[in-house]
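Visitor: Chain residues, written in single-letter form:
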Amino acid sequence: MASPTASPSTASPLQTWQRETLALLADLRFAILLLLLIALASISGTVIEQGEPPAFYHANYPERPALFGFLTGSLILQLGFDHVYRTWWFLALLILLGLSLSLCTLRRQWPALKAAQNWRYYTRPQQFQKLALSAELPARDLSTVETLLRHKGYALHRADHTLYARKGILGRVGPILVHASLLTILAGAILGAMTGFLAQEMVPSGERFTIQNILQAGPWAQAPANLTFQVNRFWIDYTPKGDIDQFYSDITVLDTQDTPLDRKTIHVNLPLRFRGLTLYQTDWGISAVRVQLNNSPIFELPVRPVTLSAGRFWGAWLPTRPDLSQGLTLLLRDLQGQAFLYNPQGQFLGAIRLGETLPIEGLNLHLIDILGSTGLQIKSDPGVPLVYTGFALLMVGVALSYLSHSQIWALQDGDYLYLGGRTNRAQLTFEREFLDLLNQIPAHSG
Amino acid sequence: MDLVTLQNLLDNSAFALLLGALILYWLGAAWPAALLNSLGTTTVALANLAIAGLLAARWLEAGYFPLSNLYESLFFLAWGVTLFHLIAEAISHSRLVGVATAPVALGITAFAALSLPSEMQQSAPLVPALKSNWLMMHVSIMMLSYAALLVGSVLAMAFLVVTRGQAIDLKGSSIGNGAYRLTRAAAIPSLALGDSAGGTAVLTQAPPTLSPQRLTLAETLDNLSYRVIGLGFPLLTIGIVAGAVWANEAWGSYWSWDPKETWAFITWLVFAAYLHARITRGWQGRRPAVLASIGFGVVWVCYLGVNLLGKGLHSYGWFL
Numbered sequence: 001m002a003s004p005t006a007s008p009s010t011a012s013p014l015q016t017w018q019r020e021t022l023a024l025l026a027d028l029r030f031a032i033l034l035l036l037l038i039a040l041a042s043i044s045g046t047v048i049e050q051g052e053p054p055a056f057y058h059a060n061y062p063e064r065p066a067l068f069g070f071l072t073g074s075l076i077l078q079l080g081f082d083h084v085y086r087t088w089w090f091l092a093l094l095i096l097l098g099l100s101l102s103l104c105t106l107r108r109q110w111p112a113l114k115a116a117q118n119w120r121y122y123t124r125p126q127q128f129q130k131l132a133l134s135a136e137l138p139a140r141d142l143s144t145v146e147t148l149l150r151h152k153g154y155a156l157h158r159a160d161h162t163l164y165a166r167k168g169i170l171g172r173v174g175p176i177l178v179h180a181s182l183l184t185i186l187a188g189a190i191l192g193a194m195t196g197f198l199a200q201e202m203v204p205s206g207e208r209f210t211i212q213n214i215l216q217a218g219p220w221a222q223a224p225a226n227l228t229f230q231v232n233r234f235w236i237d238y239t240p241k242g243d244i245d246q247f248y249s250d251i252t253v254l255d256t257q258d259t260p261l262d263r264k265t266i267h268v269n270l271p272l273r274f275r276g277l278t279l280y281q282t283d284w285g286i287s288a289v290r291v292q293l294n295n296s297p298i299f300e301l302p303v304r305p306v307t308l309s310a311g312r313f314w315g316a317w318l319p320t321r322p323d324l325s326q327g328l329t330l331l332l333r334d335l336q337g338q339a340f341l342y343n344p345q346g347q348f349l350g351a352i353r354l355g356e357t358l359p360i361e362g363l364n365l366h367l368i369d370i371l372g373s374t375g376l377q378i379k380s381d382p383g384v385p386l387v388y389t390g391f392a393l394l395m396v397g398v399a400l401s402y403l404s405h406s407q408i409w410a411l412q413d414g415d416y417l418y419l420g421g422r423t424n425r426a427q428l429t430f431e432r433e434f435l436d437l438l439n440q441i442p443a444h445s446g
Numbered sequence: 447m448d449l450v451t452l453q454n455l456l457d458n459s460a461f462a463l464l465l466g467a468l469i470l471y472w473l474g475a476a477w478p479a480a481l482l483n484s485l486g487t488t489t490v491a492l493a494n495l496a497i498a499g500l501l502a503a504r505w506l507e508a509g510y511f512p513l514s515n516l517y518e519s520l521f522f523l524a525w526g527v528t529l530f531h532l533i534a535e536a537i538s539h540s541r542l543v544g545v546a547t548a549p550v551a552l553g554i555t556a557f558a559a560l561s562l563p564s565e566m567q568q569s570a571p572l573v574p575a576l577k578s579n580w581l582m583m584h585v586s587i588m589m590l591s592y593a594a595l596l597v598g599s600v601l602a603m604a605f606l607v608v609t610r611g612q613a614i615d616l617k618g619s620s621i622g623n624g625a626y627r628l629t630r631a632a633a634i635p636s637l638a639l640g641d642s643a644g645g646t647a648v649l650t651q652a653p654p655t656l657s658p659q660r661l662t663l664a665e666t667l668d669n670l671s672y673r674v675i676g677l678g679f680p681l682l683t684i685g686i687v688a689g690a691v692w693a694n695e696a697w698g699s700y701w702s703w704d705p706k707e708t709w710a711f712i713t714w715l716v717f718a719a720y721l722h723a724r725i726t727r728g729w730q731g732r733r734p735a736v737l738a739s740i741g742f743g744v745v746w747v748c749y750l751g752v753n754l755l756g757k758g759l760h761s762y763g764w765f766l
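Protein chains in written order, with the numbering used here: chain Z, 1 to 446; chain S, 447 to 766.
Be a bit skeptical, because a hint or two may be false.
To be verified - To give a feel for the contact side, a few chain S residues facing chain Z, derived at Cβ under 10 Å:
hint, residue
1, T451
2, G676
3, A719
These are calculated hints, taken from the structure and not from any lab test. Note that CB positions come from ideal geometry on N, CA and C, so glycine has one too.
This is chain Z alone, in the form it adopts within the complex (with noise of 0.2 Å):
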């Protein structure tokens, strides 16, 4: 009689209750349920704004009436559809779907490349009545069957009277890879969330740094303290429209005894990389002018970011009395070297370009030189070799997933020759290469 195998009443609660989450993790359904459970989180997230303050949730999505009858502000907020992609749910439901899919490989996909890899001959005409494909011709040539099969691509098996064919067997190797990779890229994410940081530094041309204005940072990040990073000059090139065509920053990377380590000039789309960090040019602002009254000294006055109707300027105040009592204001649209001056009533007095000297209210200013900031990003993402190595491998991956494993049996029976085959995926274009195969054998007279 049946002996019994794994009795319920010998597992103990807490081995069923694993048993059957791994069932559940590793079942199919569940995977579905994952990718389009991730899919509608995502399109959240695009139909509500994100990452505003929680006051414009509050506004724009009133308690009553509440839009579709239940989407309120402070539900949103509640839930965190104001930053879906960071909530705890949805990095939770990046995980569960990571979990599933090694589970689904271990479970799935491996076995199945070791049982395409124990291939067999078949030995009887029965076994042949169980494929789709399959035929029996009056024929003796599977030495012909042989050539053909070679001809079209196939890797051979013969013994006597039977023989096996395949290829494609990389399209099984596909879908083993697309997993690998995706959880490298999963891995590299994590890695780079906990041990990443971005920094946003606004530095004047000629002057040093460190990282300090950190923004965003991993719970294991470390900014390098043992850097400086100078700029020895940020300069902007015009258009001959006057159009911004690119910034650039000349950037000397320095470590504790200012031995330059490294320096090149980056612009936008050709970023520093030094250890693992990474400098952008993201953005620029003016710094200072200088100017000279008179005889004077020169003054190197400091300028600050207006934003006007006619769009961004940046000003600065110049005094045109040595107790500083009266002054003009200063204002600079770019760096292409010309300056704006109004008097403290706002009325327009004139324009002065660089190395000019200009007469105004009894002083003749002199503008020497305007001073820009360069915007850099500092980026630093330890994940990244790894979110490469993801996509490399998801690309082959993905390539090979479109093969179409194919597998022939041929059997010399007596007079009669028995053909069958199948294939995992392209059904379509197998039948045809099937039936060319069938109709080129020729029937043996007799």
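Starting from the known structure of chain Z, arrange chain S on it as the hints suggest.
Guide: For chain S alone, coordinates are given in the frame of chain Z:
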């Protein structure tokens, strides 16, 4: 003849050819005739060439890859749809492919040629962000993947129409279900005995001649849809990866959840779900095709909808 006149000519002939193809395929579905069918294929091939010529003329005229505005992008998509239509026909030799895909190609061409105002049809200077070879590669691969996914999902809709009210067993998936002989052949007694698991049955009568069991029309459509989506999915993956790598090189972040990016990811998830639904026991039959049909809409939102969302509309306004 100057390039602009040539473009107008090609634009109009692409539309006329696709309209002709639509009529030919639909007539061919109503009154099957080999002539109608091969005429349909020829017409689509000509339309494909006309669109290629149109894009090439604009490339010559503007001096850069013609994907600078909606008009060019729509024609590129229509070119992709006709390309995958021709591939699908070559795989299947089925007259039903054109019945489903010709309306899609015609619709896209009509939208571009007839309903876009003429100032939107002018070749525009490339925005600075697009002045990069990496980005051109990313955009063109994404467009090709949209085209393949649209063709694949419209074929899934055709499959749903053909099989309405029937239970069906899918052919083709990574695990290879459906390669086995259906039991309708088991009406012949001896066939039922040849099961590989038992395998001990002794045949008391001579076996009838074994002959291949061909795919039915529905199975053909289904497998074709699966294969074309199977082409679109790797293209989508490679397109997304190319975009991510480029974004990381340029801005230092390979993923930033902007709406376009997110919708590309959503498209990827929906078609990944489709591919997995095919190998799920109990979910075979029409259910994966329903998912693929939803994918048709998702591709359109990803391609056009996101841009409309991004125009500062109240995002919950027209969309839901």
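Visitor: Now, for every hint given, state plainly whether the structure supports it.
Guide: Okay, the hints, checked on the actual structure:
1. Hint on T451(S) is violated. Least Cβ distance to chain Z is approximately 31 Å, over the 10 Å limit.
2. For the restraint placing G676(S) at the interface with chain Z, the shortest Cβ-Cβ distance is roughly 5 Å, inside the 10 Å limit, so the hint holds.
3. Annotation: interface hint on A719(S) holds; nearest CB of chain Z at approximately 4 Å, less than 10 Å.
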